[in-house]
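Protein chains in written order, with this note's numbering: chain A, 1 to 104; chain B, 1 to 404; chain C, 1 to 118.
In case anyone wonders, no lab produced these hints; they're calculated from the structure. Don't take every hint at face value.
Unchecked claim - With a straight-line cut-off of 27 Å between C-alpha atoms, the simulated BS3-like cross-links for lysine-lysine are:
{"id": "1", "chain 1": "B", "residue 1": "K113", "chain 2": "B", "residue 2": "K209"}
{"id": "2", "chain 1": "B", "residue 1": "K113", "chain 2": "B", "residue 2": "K2"}
{"id": "3", "chain 1": "B", "residue 1": "K209", "chain 2": "C", "residue 2": "K15"}
{"id": "4", "chain 1": "A", "residue 1": "K73", "chain 2": "B", "residue 2": "K366"}
To be verified - A few chain B residues that face chain C, going by a derived Cβ cut-off under 10 Å, partial list only:
{"id": "5", "residue": "E73"}
{"id": "6", "residue": "R315"}
{"id": "7", "residue": "F330"}
Said to hold, decoys possible - Computed far set for chain B versus chain C, every beta-carbon distance over 12 Å:
{"id": "8", "residue": "S63"}
{"id": "9", "residue": "M71"}
{"id": "10", "residue": "G76"}
{"id": "11", "residue": "I77"}
{"id": "12", "residue": "N78"}
{"id": "13", "residue": "L300"}
{"id": "14", "residue": "R311"}
{"id": "15", "residue": "S317"}
{"id": "16", "residue": "L318"}
{"id": "17", "residue": "T321"}
{"id": "18", "residue": "G334"}
{"id": "19", "residue": "E339"}
{"id": "20", "residue": "V381"}
{"id": "21", "residue": "L387"}
{"id": "22", "residue": "I388"}
The beta-carbon is built from N, C-alpha and C at its ideal position, and this holds for glycine as well.
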Amino acid sequence: MEARELHVERLLGKKVRDADGRIVGRLEEFHVEVVDGEHVVTEFLIGPAAALARVGVFLTQLPFFGFIPMPTKEYCVSWTLMDLTDPDRPTVRARRNELRRADE
Amino acid sequence: MKKILQIALGIVTSVGGFLEIGSITTAAQAGASFGYQLVWSIVLGTACVAFLVEMSGRFAAVSKHTIPDAMRERFGINFYVVPLFVLLGVSLLVLGAELGGVAAALEMATGIKLPIWAIPVALVSWGLLWRASFSVIENGVSILGLVTVAFAVGAVRLHPDYGAVLHGVVPTLPRRDASHYWFVAVSVLGASISPYLYYFYSSGAIEEKWDETYLAANRMIAAIGMGFGGFLSVAVLVIAAILFHPHNIDVDKYQQLPDLLTPIFGRTGFWLVIASLVIACLGATLEISLALAYLIAQGLGWNWGEDLEPRDDARFSLTYTLIVVAAMLFVLIGLDPLELTEISMALTAASLPVGVFPFLILMNDKKYLQTHTNGYIGNAVVLVISLISAVLAIVSIPLEIVGS
Amino acid sequence: MHLVADVLDQQVLDKTGNRAGRVDGIVLEVRDGRPPLITHVEVSPITLLARLNRRLAERYARWDQRLGKGRGVPFRIPWSRLEQTGKAWRFDTDAEDTPILALEDWLRVKIVERIPGG
């Protein structure tokens, strides 16, 4: 079993596709837990892919603009479903509509 | 007792350090071209910067972070480089204008041509940064900057129609020369709301080890210091409105600046203007150089601190050295300080959202400020004024270029 | 804990509490059948530049190699040697003993100390 290295800062922002090749979003965050005394990444947060949506999310963080409904889809993906064999093209081993939404 | 002294010092240094080439020339141009009509732009700009300065101090005191620290941490490097490069670019132009302001004053005082002063002025500025401690720079030069109170005295001596001045506080539409009116308004806003000012203020608060006990003092320094500073700008506008406007004299050469005080104080007025320009612009030079060096050093995580010996923060020291050299080149190649001022003030206004929006997000982030996040009024004032400034700038800059 | 919000781009402090750069990168080890393990953080202009422009990072790495033996690669701190203090991350060595301050030291010796008053 070969140990492979990945860089979080290079994975950040990469477009993630599902099993059908559809774009799910972009890698935004990595949840970490301590399992068996080790710090491991248990979940990946995937956010909106479209540039305009990302700018929109930034703008809604401004005071008084938080009321604007930003239809962003965020997904929480377990490490078991994440395929990072190609770090430039991460994929999930499921269909987009099977993934758990982050706001659930 | 100590707090009261610190508040007093903070107010004095804010007032003394408020005027610089940008605020002096834009206020003079506003008064000369439009009488009292543009007083509102100074009021709006001063209000906005007072809120920004208070926020900046509060942010540093509560979160123990400077603004560049938090910007890199909260938004990441890929976002951080955007305000970094925009602020760097615009502020270098402003810095060139300030160095040019000192050189222009020395040219008027001695007759020795402006570009020749580029190197000596840059050398003195750099020497002060290299050797002097933070307090000496921040406080010493700003206290000397109180010489600019001469403009307030001068304005009072001219017996202005205070009612008419107050009328100018209410924004009105221009009766003539609309595009120039808005361009001057934008320049005034850009001169008042300098991003380097409130970015620098957060680093200063950290240097002076502020904590939550300083919040009330911070509010007073911001309100009273910036408030009185704004009054000085209005004073310059009033003088120009009374002395230049009736004769249709526009301010488009820096050699006209002494004419603001010579009719009132005679030969002494000339030297008051020279002294004001030299001290005020020197102070701004030091502040901008440090602000930009802080922006880079803090974003990259270097050791930083004006009170450290240069040998203890080599990268930080060499960064502000390079910044001073870069700005010096503008003066060396003979760029007119007045034109450079106009351009840099307008660009500052146009780029305000780039620096202000992420800062507003930080100011409403409980992770940094806990119970001290922004209130509605602060958010509204800053958001609205910076948006207005940017929109006006984007519209009026091309029109001004076409018109001139 | 979240890597992007809590670790990446945060300030790094050395044993004495001095600022020693920022977390410019985080290294994970991918293992079959087990979740990815955090192994190191990288504190290096090479890592930082790579996030902006790959070619710029490579050019910087080549220049950095000339500064000494073992240079030209990002400096790594093992995850086990890091401890969170507030929002910052402290590691158990003096920064002087690491390449983090190599550029700082080089500039100090070659330039700053040669200028009067440095």
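Worksheet item: Taking each numbered hint in turn, which are not upheld by the structure, reported in ascending numerical order?
Response: Going through the list in order, the structure violates hints 1, 2, 7, 8, 9, 10, 11, 12, 13, 14, 15, 16 and 17 and respects the others.
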